[in-house]
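Given the structure of chain R, go ahead and fit chain H onto it with the hints provided.
Protein chains in written order, with our numbering: chain R, -1 to 556; chain H, -1 to 556.
I should point out that these hints are in silico values taken from the structure, not numbers from a laboratory. Keep in mind that the hints are not guaranteed to be accurate.
Since the list can't tell identical chains apart, any single copy or any two copies may satisfy a pair.
To be verified - Computed list of lysine to aspartate or glutamate pairs in DMTMM-like fashion (alpha-carbon distance at most 25 Å, straight line): (1) K375 <-> E137; (2) K549 <-> E188; (3) K342 <-> D251; (4) K358 <-> E258; (5) K549 <-> D531; (6) K358 <-> E238; (7) K261 <-> E137; (8) K261 <-> E112; (9) K375 <-> E115; (10) K302 <-> D32; (11) K360 <-> E238; (12) K549 <-> E506; (13) K341 <-> D353; (14) K141 <-> E349; (15) K536 <-> D509; (16) K261 <-> E115; (17) K327 <-> D251; (18) K73 <-> D531; (19) K358 <-> E115; (20) K536 <-> D15; (21) K341 <-> D378; (22) K374 <-> E137; (23) K549 <-> D49; (24) K341 <-> E238; (25) K141 <-> D353; (26) K342 <-> D353; (27) K327 <-> E349; (28) K141 <-> E423; (29) K358 <-> D372.
For reference, the chains in residue letters:
2 protein chains.
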Amino acid sequence: MKMPVNVSQTDFIAALDSFALIVGKEWVFTKDEDLFPYRDAYSPLRATFEDRSPSAAVAPASVDEVQSIVRVANKYEIPLYTISTGKNLGYGGAAPNQSGSVVLDLKRMNKIIEVNESNAYAIVEPGVSYFDLYNYIQERGLKLWLDVADPGWGSVMGNALDHGVGHTASRFRNHFDSHCGLEVVLPNGEAVRTGMGAMPGSKTWAQFKMGMGPVLDGIFSQSNFGVVTKMGIWLMPQPEAFMQGVVTAPLYDDLHEIVELLKYAENSGLAPGAPELGSPLLGISNYVKHLVDAFYEGPPQLRKEHVDLIAKASVGYSADLQRYGLNNKIPYWNLHLKFYGPKKVIQAQWEAIQDLALNKIKGVGFKSGPIQTDPKKAADEWTFYPQDAGVPNMDFFGMGTRAGGNPHPMRGHMWFSPVIPQSAEGILEANSVFEKAHRNMSALQDIPIWNLRPFALPAPFFERTFLFILGFPITDDVAMNKASIKAYRTLLDIAAEHGWGEYRCHPEFQDQAVGLYSHNNNSLLRLSETIKDAVDPKGILSPGRYGIWPKHLRGDKK
Amino acid sequence: MKMPVNVSQTDFIAALDSFALIVGKEWVFTKDEDLFPYRDAYSPLRATFEDRSPSAAVAPASVDEVQSIVRVANKYEIPLYTISTGKNLGYGGAAPNQSGSVVLDLKRMNKIIEVNESNAYAIVEPGVSYFDLYNYIQERGLKLWLDVADPGWGSVMGNALDHGVGHTASRFRNHFDSHCGLEVVLPNGEAVRTGMGAMPGSKTWAQFKMGMGPVLDGIFSQSNFGVVTKMGIWLMPQPEAFMQGVVTAPLYDDLHEIVELLKYAENSGLAPGAPELGSPLLGISNYVKHLVDAFYEGPPQLRKEHVDLIAKASVGYSADLQRYGLNNKIPYWNLHLKFYGPKKVIQAQWEAIQDLALNKIKGVGFKSGPIQTDPKKAADEWTFYPQDAGVPNMDFFGMGTRAGGNPHPMRGHMWFSPVIPQSAEGILEANSVFEKAHRNMSALQDIPIWNLRPFALPAPFFERTFLFILGFPITDDVAMNKASIKAYRTLLDIAAEHGWGEYRCHPEFQDQAVGLYSHNNNSLLRLSETIKDAVDPKGILSPGRYGIWPKHLRGDKK
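Chain R on its own, in the form it takes in the complex (with noise of 0.2 Å):
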């Protein structure tokens, strides 16, 4: 039997008990075979003694459940790891941080509270499912969007707080961000309401984010001081249409004018979805390649001529390249933009979008898709992205987890994605430390950097955000797996160099990523750990969480 750090076995069978007194004798969960799906689907440490995995599992139905779980496992000291549904895969999956953590699995949780159509917000508990939240509204005809991440089996709540991010308008992509109101089960089993959910009676929890007093719902994410339970969460009214529309530039140096034109449409509004830049010269289409390659005049694949051609550029440059794309009339960069709206609107939207871009890029060029009304018929036929018009599905999930041109069969990936500067100066610099850094790794060893490519463009998810994605595959071979790590490991720290920060990781590296935010010998980490010993003094829930250990586990840090 596996046992929690530090706890006898009399304490962990007693708390054992405990539990299936409240929850039920078939809701705790200890056999192997039962744990399983509480290991890390995609760990890097796969096969190995360090993998991460759990003692037992434990899945209450409701807060009373929750709260007298957290009571229990006070007394007896047991580590409880929350999850939602456990599906961030690519972040770590349902296995807790700290090994032997007994998980508080909270998916049975999952009633849709309220979904308000006039005011356009849900409430949701943490067990509720993109897929759960689009249906409901399906089903009721209800006129809300609700954006979406991938892939759409994740938990709407453990998203938002795990700062998850999607793909439509710019005030509903940063799911934290959305979120209106939170009800938390404290380490000490006592239940908070957030904003206006404290003021008895209210009607209001989800609709006025901040109630009375300091706002405390950030302590909540990204963290271990509570156990969310429920989480209001605006959607947007559906829009009377969308289009998506492409705008290309020819040269190398329009990227400067290119990401001011990204940062103009999306700061003020003119273009509110996730706006992408893609470089078909450099082989980089937008993340939804065959939507967009219809865009541009390139072929559908590249020739070896354009092939060595890209191979032979620095930092995304040559003059060679630049004529070839001239020559045959493929753009260097273009920029995916979104809008949504009445199709007066976006009309409107999309002809300022141009007269601006005009004005400032010569040469430039436009194409447009079609403005389309039906959001379930546009995902059904690919004529839009899916989850840009609301859409959940697994597809995007599908193209991440078993595709992307590494030689070695993959058993996932995970994700390397520090936050660069907003700038055209800032993607240049971070390709040109990455590709160096590249370089130097792999003169010193053989790691296939998955998705490193000799030139990337950042994310746009997050409003005003530029996040340098690179993936890195996870195989069935040990010491590949090891060398990723080392890799990762590696790049996080010139990265932070740089002034560059991971904005979320998979837990075998918060320790190391949340320690280089180190501004005044870590006083923010710090911080959290006061918050943390106030809240939590037995150190009870998920240990490690994001680099935060009890404090009697933060010397080891394990």
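Then chain H, alone, in the frame of chain R:
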């Protein structure tokens, strides 16, 4: 010499000497005449013994000095009350919650650290006012708009931290929500930076809000857990043009559709400015009366017949009044919308709004102002409300303070502003409840409740939120002010019975107002107290701010 509570004279003098060594003698104030500005200019307790006042004030010029002052305060257990510019006069001004506290006045820290035009943000110190930042932007010709509060002399940071709100596009009106990155001196003297500011060398402090790990920013708003010394704030790219439009509806029952239109216009992004409700028929203009009056065909002054009909209406309605409105073409309701962007986009948005309204409201009417492009000109000529065009001024402040029809000479005002449900039903219920309360209170005592008109409409400044704002006058008459305090306290309780809580209030009422957020035996406040005790064990920072008292003062709350 006025003394801080529970501090010996020896210690106090030693602390003042230490403060003088840190900031220079000329920046430590103890004389009555020097401390006068640190009293509550609009105090409801003016000319009484209970009127809040400090024992001293100290004005540092740098973060280092703030750190040193806090360390001294910790040593001698001196309560410090932090202000930025101390200009939120309707909410307590510069006077401490707890009399005898030393005011930590940050107005000398007035550096504009950075304004980034391309990324549309600013990073400021506490002493930077809206005027300061606006002038900085104008002098450099930067194409940026600042969302400003009323009045323009307020601190950009202080207003955000106190959950202040503005007038332009939704994304920017909630000033705390549009902040990005804080630097905070903790009660132990340590400096913490949140978000990307914790990553040394980062250039994205004011770009990405969250950094990694828990988002702690919120705990420093409406609270007393730290002294904020720097803040990033998102700015709006200067729009090509701006325009106002008014939708009018003839019947009482149209309120429902007018409110639905308001919500759709806001939540879809179709009309980005704060959407304001008015009722020409009830004599309630949008808050800038002289701009909006031009938009309906009613008489500039209400005729006596009309005034009499209004007086007889109940919850805003009488059949006679409605008939009068129809006969005289005076709309029952109007909705004032504001648009920002390229001219063709504004036109398309306004047309789309009209399309929607025509489908929903019989007899709907529309008026729009000119499409303008020069904010300064529009503000100077009052062809657009200055704050709606991002231009700070003092005019609204002037209106609010010395006008309003109160028969008694006023010494200021204080605001009662509960959050009510964002719906027509919410408006009608609030009016019904407060109308009854007003009748009952008037029967019991002669209280002038300024602005508690027979019918009132909510303020729409916060996205998705209705604030039902009522103003109370401060007069020279002590008994009358006491009656106002009593009335305010009664209204707080009545509001809470219906689930309506304040978003912000004068220190005199903070204990009561926060206490009414009482879900689960005030578990939210008790969580704040747990954090308070952990980060500020001696309770030196702003004791009592928003109902949060240090442990040793929690019994008697004073």
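Results of checking the hints against the structure:
1. Taking CA atoms no more than 25 Å apart as the test, K375 paired with E137 passes inside one copy only; the shortest distance there is 16 Å, against 52 Å between copies.
2. In this assembly of identical chains, K549 and E188 lie within 25 Å of each other by CA distance both inside one copy and across copies; the values are 21 Å within and 20 Å between.
3. Taking the shortest Cα distances, K342 and D251 never come within 25 Å of each other, neither inside one copy (33 Å) nor across copies (30 Å).
4. Taking CA atoms no more than 25 Å apart as the test, K358 paired with E258 passes inside one copy only; the shortest distance there is 10 Å, against 40 Å between copies.
5. Taking the shortest alpha-carbon separations for K549 and D531, both the intra-copy value of 7 Å and the inter-copy value of 17 Å come in at or below 25 Å.
6. Proximity of K358 and E238 under a CA criterion of 25 Å is satisfied inter-copy only: 16 Å between copies versus 31 Å inside one chain copy.
7. With identical chains, the CA atoms of K261 and E137 are at most 25 Å apart between copies only, with a shortest distance of 23 Å across copies and 37 Å within one.
8. For the homomeric pair K261 and E112, the shortest alpha-carbon distance between copies (18 Å) is at most 25 Å, but the shortest distance inside one copy (35 Å) is not.
9. Taking CA atoms no more than 25 Å apart as the test, K375 paired with E115 passes inside one copy only; the shortest distance there is 22 Å, against 40 Å between copies.
10. Within a single copy, K302 and D32 get their C-alpha atoms no closer than 51 Å, and across copies no closer than 80 Å, so neither meets the 25 Å cut-off.
11. For a Cα distance limit of 25 Å, the shortest separation of K360 from E238 across copies, 22 Å, qualifies, whereas the shortest one inside one copy, 34 Å, does not.
12. Taking CA atoms no more than 25 Å apart as the test, K549 paired with E506 passes inside one copy only; the shortest distance there is 20 Å, against 39 Å between copies.
13. Taking identical chains as interchangeable, the C-alpha atoms of K341 and D353 lie at most 25 Å apart whether they share a chain (18 Å) or sit on different chains (12 Å).
14. When the C-alpha separation of K141 and E349 is checked against a cutoff of 25 Å, the pair qualifies only between copies, where the shortest distance is 21 Å, while the shortest distance within a copy is 27 Å.
15. For the identical chains of this complex, K536 and D509 are intra-copy neighbours only, at 20 Å inside a copy versus 31 Å across copies, given an alpha-carbon limit of 25 Å.
16. With identical chains, the CA atoms of K261 and E115 are at most 25 Å apart between copies only, with a shortest distance of 11 Å across copies and 31 Å within one.
17. Proximity of K327 to D251 under the C-alpha cut-off of 25 Å is restricted to the intra-copy arrangement: shortest distance 16 Å within a copy versus 60 Å between copies.
18. In this homomeric assembly, K73 and D531 come within 25 Å of each other (Cα to Cα) both inside a single copy, at 16 Å, and across copies, at 23 Å.
19. Taking the closest pair of Cα atoms, K358 and E115 come within 25 Å of each other only across two copies (17 Å); inside a single copy the shortest separation is 41 Å, beyond that limit.
20. In this homomeric assembly, K536 and D15 come within 25 Å of each other (Cα to Cα) only inside a single copy, at 21 Å, whereas the closest approach across copies is 42 Å.
21. Taking identical chains as interchangeable, the C-alpha atoms of K341 and D378 lie at most 25 Å apart only when both belong to the same chain, with a minimum of 21 Å there against 36 Å between chains.
22. When the C-alpha separation of K374 and E137 is checked against a cutoff of 25 Å, the pair qualifies only within one copy, where the shortest distance is 13 Å, while the shortest distance between copies is 50 Å.
23. Only within a single protomer do K549 and D49 lie at most 25 Å apart by alpha-carbon distance; the minimum there is 24 Å, versus 44 Å between protomers.
24. Proximity of K341 and E238 under a CA criterion of 25 Å is satisfied in both settings, with 7 Å inside one chain copy and 21 Å between copies.
25. In this assembly of identical chains, K141 and D353 lie within 25 Å of each other by CA distance solely across copies; the values are 18 Å between and 32 Å within a copy.
26. With identical chains, the CA atoms of K342 and D353 are at most 25 Å apart both within one copy (16 Å) and between copies (11 Å).
27. Taking CA atoms no more than 25 Å apart as the test, K327 paired with E349 passes inside one copy only; the shortest distance there is 23 Å, against 39 Å between copies.
28. With identical chains, the CA atoms of K141 and E423 are at most 25 Å apart between copies only, with a shortest distance of 21 Å across copies and 41 Å within one.
29. Taking CA atoms no more than 25 Å apart as the test, K358 paired with D372 passes between copies only; the shortest distance there is 23 Å, against 34 Å inside one copy.
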